[in-house]
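Respectively, the protein sequence lines represent chains A and B.
Under the UniProt record's numbering, think of the first position of the first sequence as 1, with each following residue one higher.
Under the UniProt record's numbering, think of the first position of the second sequence as 1, with each following residue one higher.
In short, the hints are calculated from the structure, not lab data.
You may find that some hints are simply not true.
[Unchecked claim] No more than 25 Å apart at the CA atoms, straight line, and that leaves these computed lysine-lysine pairs for BS3-like:
1) A:78 x A:121
2) B:174 x B:188
3) B:75 x A:134
4) A:133 x B:281
5) B:188 x A:112
6) B:281 x A:65
7) B:188 x B:215
8) A:78 x B:277
Only a predicted model underlies this, so the values are computations on that prediction, with no experimental measurement involved.
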Amino acid sequence: MSETVIQAKNLDLTYQTNDGPIHALKGVDLDINKGDFVSFIGPSGCGKTTFLRAIADLEQPTGGKLTVNGVSPEEARKARAYGYVFQAAGLYPWRTIGGNIRLPLEIMGYPKSEMAERVAKVLELVHLDGFEKKFPWQLSGGMQQRASIARALAFDADILLMDEPFGALDEIVRDHLNEQLLELWARTNKTIGFVTHSIPEAVYLSTKIVVMSPRPGRITDVIESTLPRERPLDIRDTPEFLEIAHRVREGLREGHAYDD
Amino acid sequence: MKSIFPILTVVAAIFALWYVFAVVLNAPWAYSKAERAEVELSFSEMVADTMAQEKPRLPAPHQVGAEIWKTTVEKKITSKRSLIYHGWITLQATALGFAFGIGLGILLAVSIVHFRVMDMSVMPWIIASQTVPILAIAPMIVVVLAALQVDDIVAKGVISMYLSFFPVVVGMVKGLRSPDTMLLDQMKTYSASSSQTFWKLRLPASAPYLFASLKVGAAASLIGAVVAELSLSQNGGLGARLLAGSYYGQTIQIWSALLAAATLAALMVFVLGAIEKVTLKRMGMAQ
Numbered sequence: 001m002s003e004t005v006i007q008a009k010n011l012d013l014t015y016q017t018n019d020g021p022i023h024a025l026k027g028v029d030l031d032i033n034k035g036d037f038v039s040f041i042g043p044s045g046c047g048k049t050t051f052l053r054a055i056a057d058l059e060q061p062t063g064g065k066l067t068v069n070g071v072s073p074e075e076a077r078k079a080r081a082y083g084y085v086f087q088a089a090g091l092y093p094w095r096t097i098g099g100n101i102r103l104p105l106e107i108m109g110y111p112k113s114e115m116a117e118r119v120a121k122v123l124e125l126v127h128l129d130g131f132e133k134k135f136p137w138q139l140s141g142g143m144q145q146r147a148s149i150a151r152a153l154a155f156d157a158d159i160l161l162m163d164e165p166f167g168a169l170d171e172i173v174r175d176h177l178n179e180q181l182l183e184l185w186a187r188t189n190k191t192i193g194f195v196t197h198s199i200p201e202a203v204y205l206s207t208k209i210v211v212m213s214p215r216p217g218r219i220t221d222v223i224e225s226t227l228p229r230e231r232p233l234d235i236r237d238t239p240e241f242l243e244i245a246h247r248v249r250e251g252l253r254e255g256h257a258y259d260d
Numbered sequence: 001m002k003s004i005f006p007i008l009t010v011v012a013a014i015f016a017l018w019y020v021f022a023v024v025l026n027a028p029w030a031y032s033k034a035e036r037a038e039v040e041l042s043f044s045e046m047v048a049d050t051m052a053q054e055k056p057r058l059p060a061p062h063q064v065g066a067e068i069w070k071t072t073v074e075k076k077i078t079s080k081r082s083l084i085y086h087g088w089i090t091l092q093a094t095a096l097g098f099a100f101g102i103g104l105g106i107l108l109a110v111s112i113v114h115f116r117v118m119d120m121s122v123m124p125w126i127i128a129s130q131t132v133p134i135l136a137i138a139p140m141i142v143v144v145l146a147a148l149q150v151d152d153i154v155a156k157g158v159i160s161m162y163l164s165f166f167p168v169v170v171g172m173v174k175g176l177r178s179p180d181t182m183l184l185d186q187m188k189t190y191s192a193s194s195s196q197t198f199w200k201l202r203l204p205a206s207a208p209y210l211f212a213s214l215k216v217g218a219a220a221s222l223i224g225a226v227v228a229e230l231s232l233s234q235n236g237g238l239g240a241r242l243l244a245g246s247y248y249g250q251t252i253q254i255w256s257a258l259l260a261a262a263t264l265a266a267l268m269v270f271v272l273g274a275i276e277k278v279t280l281k282r283m284g285m286a287q
């Protein structure tokens, strides 16, 4: 059952800038298995977003090897292997919610009848049934982000990559969306890569937590969560949860030790 | 309708200022007439004279108003003295030039956004084109196009296009480039082709920019058409009226033609504004 979906071996990614090279990623080794929920956590500049973007073929690694579904990220992207959720919802204001979710389906050339079916299905998954004909500005920030998740799910990619999708939302909405995301993950059995700044969010959601540190961006710790897959919100008060959170915090501190 | 009072106040102030300038500018002529007739002018006589001269330096508003009334309502619209007749000629040339301008502008903008070579090579020429005075280039366009046996109305359209394509290019380039990196990355994650990105993202995103530049472009088209009519005055039009007026020192005729042109431009901008409102509303972009 532990089929490797994403594999990074000694991955380097260096940007050339006028102030010299910036090592966004250095010697990153990581295996992500099918059905994993992997969080990437670390301070800004640690390369967590860069790593996610490299998986999505939005950045080009400068060294090492990266495969997605056994092929290069570019081939995986062209095979539409993943859905990507950005920090901002990025809904088109001139399209309704339904129209926004149809966008990738139109681009990928799905037949009309199937589009309607899929739109209805993913709207139900993110609990936005009945909002299909609304325009984005008629929805709250949290609902917009849910719509953008629905859009990433619409074409049924096995991998879902999320770059701080709830970063701009308030704590209460965030809790709610985290709960819904777990429920969605359980129902769809996707492999999820999730970038976050928040320790509780990472611990609550993940089966695997990747702690990263900056300059150069590298992995300092990979924590396999011992929490059960079924997670009510109050699991966050159990000693087990706090212990994992503690280990994440330690990992983050270690990465920062020489910094201040 | 709360805004009606301030608007009326401003309009009243403009008219008051206009009357003051009419008196000041026309007074010397009133005095010199009086001097030659060897009569003494009282202040009120002088003011009355400045409002009723035949060829005033600055005609008073009511004189222009009377002239406009005479040349629109009281003249048949087929008459060569009707402002509506001339306005219609100008409007046709403007519409043709505007259509040319929109076409050329959008075509250039699309190629500039898609081909770096166009951006580097054509954009500077487009900007340079607008530094050439239209008044200087219009007669040459007329001569060249006449030699090619092109219809006069097309020649006017080309001159009008010369001014109106520019705001369309600038606005559309900005509009087509308005989607940010995130939205373009998102298109990449769908493996969208560049034509799909254009039709589904860039073009609809540019709509608000297009309308803003269309309003500027419409006014520019009208100026282009009027300037073209200075070179092709045998065909009539508001420009021809302006030219004839300035030949014979008919300042009242000049001012009424000017006001007619301004009204025409305002009408076009108003119509475009209405189209903009409806379109953006139907696109869901106006709340």
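### Task
Could you grab the alpha-carbon distance between residue 78 of chain A and residue 121 of chain A and see if it respects the 25 Å cut-off?
holds (24 Å)
### Task
Starting from residue 75 of chain B, check that the Cα of residue 134 of chain A is at most 25 Å away, please.
violated (54 Å)
### Message
Check whether the Cα positions of residue 174 of chain B and residue 188 of chain B lie no farther apart than 25 Å.
### Response
holds (21 Å)
#### Entry: Satisfaction of hint between residue 65 of chain A and residue 281 of chain B, Cα-Cα up to 25 Å
violated (49 Å)
### Query
Do the alpha carbons of residue 133 of chain A and residue 281 of chain B lie within 25 Å of each other, as the hint requires?
Given pair residue 133 of chain A, residue 281 of chain B holds - Cα atoms ~15 Å apart, limit 25 Å.
### Task
Below or equal to 25 Å on CA atoms is what counts here, so check residue 188 of chain B against residue 112 of chain A.
holds (22 Å)
### Message
Checking one constraint from the list: CA of residue 78 of chain A to CA of residue 277 of chain B, max 25 Å. Satisfied?
### Response
violated (39 Å)
### Message
Checking one constraint from the list: CA of residue 188 of chain B to CA of residue 215 of chain B, max 25 Å. Satisfied?
### Response
Judged against 25 Å, a Cα distance of about 34 Å means the pair is violated.
In summary, the structure is inconsistent with hints 3, 6, 7, 8 from the numbered list given earlier, while agreeing with the others.
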